[in-house]
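The task is simple: from the sequences and hints, build the whole structure.
Number of protein chains: 2
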Amino acid sequence: MIILNIGDELTYGQVVNTNASFMCAQFTAAGFPVEEVVVIGDNAAAIVDAVAAAFQKTDILVISGGLGPTKDDITKQQICHYFDVPLVENAEVLCQIEALLANRGVAMSEINRLQAQIPQGAIAMPNYLGTAPGLWLEQHNKLLIALPGVPFEMKALLIEEVLPRLKARFLHDGHNEHIVHKVIQTTGIPESTLSDKLESWEMALPPTIALAYLPRPGIVRLRLTGQSCDLAQLEADMNCQIEKLTQLLGEHIFSYENNQIEEVVAALLLRKEPATLACAESCTGGYLSHLITSVPGSSRYFKGSIVSYSNEIKRNILNVRELNLKKHGAVSEYTVNDMAINTLGLFETDYSIAVSGIAGPDGGTPEKPVGTVWIAVATPTRIVTREFHFGDFGRDRVIQSSAIAALNMLRLELLRDL
Amino acid sequence: MIILNIGDELTYGQVVNTNASFMCAQFTAAGFPVEEVVVIGDNAAAIVDAVAAAFQKTDILVISGGLGPTKDDITKQQICHYFDVPLVENAEVLCQIEALLANRGVAMSEINRLQAQIPQGAIAMPNYLGTAPGLWLEQHNKLLIALPGVPFEMKALLIEEVLPRLKARFLHDGHNEHIVHKVIQTTGIPESTLSDKLESWEMALPPTIALAYLPRPGIVRLRLTGQSCDLAQLEADMNCQIEKLTQLLGEHIFSYENNQIEEVVAALLLRKEPATLACAESCTGGYLSHLITSVPGSSRYFKGSIVSYSNEIKRNILNVRELNLKKHGAVSEYTVNDMAINTLGLFETDYSIAVSGIAGPDGGTPEKPVGTVWIAVATPTRIVTREFHFGDFGRDRVIQSSAIAALNMLRLELLRDL
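Quick mapping for you: the protein sequence lines, in order, are chains A and B. The numbers in this note's numbering rise by one with no breaks, and the one at position 209 of the first sequence is 209. The numbers in this note's numbering rise by one with no breaks, and the one at position 386 of the second sequence is 386.
Don't read these hints as lab results, they were simulated from the structure. Be aware that one or more of the hints could be misleading.
Copies of the same chain are indistinguishable here, so a pair counts whether it falls within one copy or spans any two.
[Stated by the list, open to error] Cut-off 30 angstroms, straight-line C-alpha distance, at most; resulting in silico cross-link-like pairs (DSBU-like, lysine-lysine):
#	residue 1	residue 2
1	142	57
2	326	142
3	182	197
Here it is, written out as structure tokens:
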């Protein structure tokens, strides 16, 4: 399978291509590995060339983008050009567009009516979130699937229409070669240290299993990919290697799945329900709370936060002692201790996290350079505090690394309390 | 120019390819338009094939990924294979790696020493943030540039090494055809309404200027691309069209640059320095504060937030009246009014924003479905409140749309106060 994402906004670099990663993940998991992703602009000749080049290498091409109602959207016309078929109005699609617009209280315009035209011979896959239907077009053993580029429309169509149709069409008689992915996520250990620690284990991996390192701020994900015709043996080998990895890395591993550390923390807090959490954030400025509340159902344990972006707020709302601010500064063990303890009282929670640091680009000093961050975690019975140095690699990176480190400190304390 | 991003994590969809958008934006702005982005896995044959295919179409190929120290990184070997040259140790690179590791207090390992090997004939571009140098290799009028895949290393190398070298090498005698991009960012108006409003203006655009719509949650960006040999005339035409657009769209336009709405709000607040801001967030859970504090220097006007993720916190810390919570509920005009007014007092600020809504997936009712959000903005002299319906298109989307709408309400009030 090849994926073709179309849009000048992509080759100009004006938007990040999140569609590609979503599509790759979904198709890979469904048993349709992606050989290549190609990104081109809204250019008629480039579209036809890319479709032709893709069908030289693969039998299934999935396109996203350029199906919208505006004049710069030309994908549908170029598909017709490649397959040499006309556009024809589809009555069913027209009905769906009318219903969608009526629901939004919008009248049908000429532009919207054009959206009901699809290449002759194509099946229209209904889009309940927008006016551009998905297209499924098979000719001479080649399958072209076209989806709108708006991410939430593409996602809904892919999950509800494309995957079930692909499975029904191609997977009826099973595969020969099995591919199994396992992700092991680590935190609190840099990639090079991890690599040294795993060297002899990695050398001894069986030839059916490959390892890859996927670093991001604060986290290194290890991906094991197994490939074999004997699925049972492969699963057993993978589990045995993961067992060894667990012994080598211990509590640096926070997950054996493709989830986020805030989801792991959420599950630990729910095991202690009705345990509650609140935060006091300085340099992370709300990002830690955002990660926590990005988990559906987080209101069961999360009561809230104080973002204290000035010393005055640390003093007046969080009751940080003036003495500590003056003598040790806002970025210090003393201040985050006060923040964490008083957050417990203010929100009446069992757990709290406090973060204070220098995210940059300004505010660093020789003693406390940009990237210096203090984090405190308070539990029902104790408080632990740690200093971190995330370096001067950009404000975003310090904020992200701090929030991950804070969630990891809470995770370790929750594990200790189980 | 073609960009080739290499990594199984990309074709498996395990990470989002932010490198591609960064590279496209930088190269386009520097006068090197990107024709195509290709993404493939860590597969030796696929790498050699992709390099060969790219050099059929272009003279400059920029590769990222697969230069790391671990065994799954094979890009360097495949470059040698394609150009038929050996890997040789580079003394200068070795020194740089030694200095980098010493600075981190890490000893040189065998793995790190391998990083000093580069293809014969290549120039090593120093990487001060990691052990993999950038590579610049010219042969038979084809230029291959290889960069590490770790985003912050790639970015530093691209800005500090690649762009200056490209400009020195290719742009000495000027271009013939000029390409000018202008971005006009709108908010508070859906894409289809915008498209209807702009239809006759768009039809009358001169042939040298093209329009594209780039929607994202809460924001539609309009991109005008002008292409002509006469730069002065083109600039004049573009400015004239933007003038017309401004008359059509008025205060829906929040920026004529490629910046974020939080940066526009930041600039407006700084014009009123020492004006200050605080927030009270319920459904946005810290995301609004995160956007505000993602702007460097935001501590000059932002004092902090209360994330009140339970009614108890709304009552006890934000002093929302029990009467309002009981009679009208947490998601109501009355509650966000109380939240905004009391936030002014609690943080002693000139402005405040309060947000309360139902982000989903649970918590919706027939009267207040998922996506219902109330937002209040308090200024030194007034308070404005609005209800929004962002629909049930996913928790993330409701959170993002709410934060953008909140920033836009504050922007409009700040404009009124100028």
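Hints versus structure:
{"no.": "1", "hint": "142 - 57", "in the structure": "both (11 angstroms within a copy, 25 angstroms between copies)"}
{"no.": "2", "hint": "326 - 142", "in the structure": "neither (71 angstroms within a copy, 61 angstroms between copies)"}
{"no.": "3", "hint": "182 - 197", "in the structure": "within (19 angstroms within a copy, 50 angstroms between copies)"}
Hint 2 alone, counting from the list given before, is not met by this structure.
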